Amino acid sequence: MPYKLKHLYLILSIIILTNIEIRANERFLTSYSYSKSLIVLAQGGINQKNKKYAVIDSLRLEQYKKDKSFDYSESQEDLDVWSKIERWFNGLLIRFFKWLFGEESAQGIMGVLIRIYPLLIGGGLLGLIIWLFYKLNPGKYWFKAENKSEIIFESEEEIIKSNTILNRIKEAILNKNYRLATRYYYLKTLKELQESKLITYSPDKTNEDYLISLKHNKNLHAQFKEVTRLYDYIWYGNFKINLEQFRKAEATFKAILEYLKPLEDEK
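For the sequence shown, counting from 1, position 141 maps to 135 in my numbering; every step adds exactly one.
By construction, these hints were calculated from the structure, which means they are not laboratory data. For clarity, every value in this text was computed on a predicted model and none was experimentally measured. Ideal Cβ positions, reconstructed from N, Cα and C, are used throughout, including at glycine. A few of these clues could be false.
Stated by the list, open to error - Subject to a maximum C-alpha distance of 30 Å in a straight line, what follows is the list of computed DSSO-like cross-link-like pairs (lysine-lysine):
| # | residue 1 | residue 2 |
| --- | --- | --- |
| 1 | K212 | K170 |
| 2 | K209 | K248 |
| 3 | K155 | K185 |
| 4 | K164 | K191 |
| 5 | K234 | K219 |
| 6 | K170 | K209 |
| 7 | K191 | K209 |
Said to hold, decoys possible - Between beta-carbon pairs, the in silico distance windows are:
| # | residue 1 | residue 2 | range |
| --- | --- | --- | --- |
| 8 | P197 | V75 | 52 to 62 Å |
| 9 | E189 | K219 | 15 to 25 Å |
| 10 | G231 | K164 | 22 to 32 Å |
| 11 | I123 | P197 | 38 to 48 Å |
| 12 | W229 | L114 | 38 to 48 Å |
| 13 | I123 | T158 | 21 to 31 Å |
| 14 | I115 | K170 | 23 to 33 Å |
| 15 | E238 | I115 | 43 to 53 Å |
Put together the whole structure using the sequences plus the hints.
If you want it as structure tokens, here you go:
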């Protein structure tokens, strides 16, 4: 390298280094001056000498006070019971997943769970409601096609006045509708009691009223009380019976109907 170029390079290097040092000193002095002025303000020592700094730094302090990014105070949240339970549950899950998967994996999994667990809870509640509705099934008798028009719209009085009760009983048994057959047997019993002039049938009367009317005949009273119990249990209790159970109930109804035949002939 030529001699003159060496000198030029040396001079430029000295100038650059000097400039860097000067700037560093300026930054240090500025920082020192600013820190000193803050200390003076904090101690309340404002005098004529540092009045200039006090005014400038007071404005800066006010700006910093208003800037929320410089607010490091911690505020305590007032949490309701549900929020406390949620926070406790989240903490419990985090500890569990940390133990199971490790620190980093646990945080990732927990983040996903926090986002989806309200949906899981909602889905679980919806599933529970559907399951309960299916188990209880309050409308199961509305949607069955077991001669519903006949059951709902035909009154007891119309059936008793008709001469088709025995045919109705046979049809119900063929359709395996043993509840309906039990109902027809009971209405047949009321019809026979009415024709034997042992009771006076009326839609407004209750089964207890008929029992009172039969008090004078203890045997008949006991039999009618038993068929009334079966009828209430099977028909009004919505009790689903099989063929074997129905045959036992049917025998009780046939017994009282056989007992009424001689009484009807006497009348």
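Checked hints:
1. K212 to K170: 34 Å, violated
2. K209 to K248: Distance of about 21 Å is within 30 Å: holds.
3. K155 to K185: Answer holds: K155 to K185 is near 8 Å, not above 30 Å.
4. K164 to K191: 26 Å, holds
5. K234 to K219: Judged against 30 Å, a Cα distance of about 21 Å means the pair holds.
6. K170 to K209: 35 Å, violated
7. K191 to K209: Since the Cα atoms of K191 and K209 sit roughly 14 Å apart, the hinted pair holds (cutoff 30 Å).
8. P197 to V75: 52 to 62 Å: 57 Å, holds
9. E189 to K219: 15 to 25 Å: 20 Å, holds
10. G231 to K164: 22 to 32 Å: 24 Å, holds
11. I123 to P197: 38 to 48 Å: Distance hint for I123, P197 holds at roughly 40 Å.
12. W229 to L114: 38 to 48 Å: Given range 38 to 48 Å: holds, Cβ gap about 45 Å.
13. I123 to T158: 21 to 31 Å: At roughly 45 Å between Cβ atoms, T158 and I123 fall outside 21 to 31 Å, so the hint is violated.
14. I115 to K170: 23 to 33 Å: 44 Å, violated
15. E238 to I115: 43 to 53 Å: 47 Å, holds
The structure is inconsistent with the numbered hints 1, 6, 13, 14, although it conforms to all the rest.
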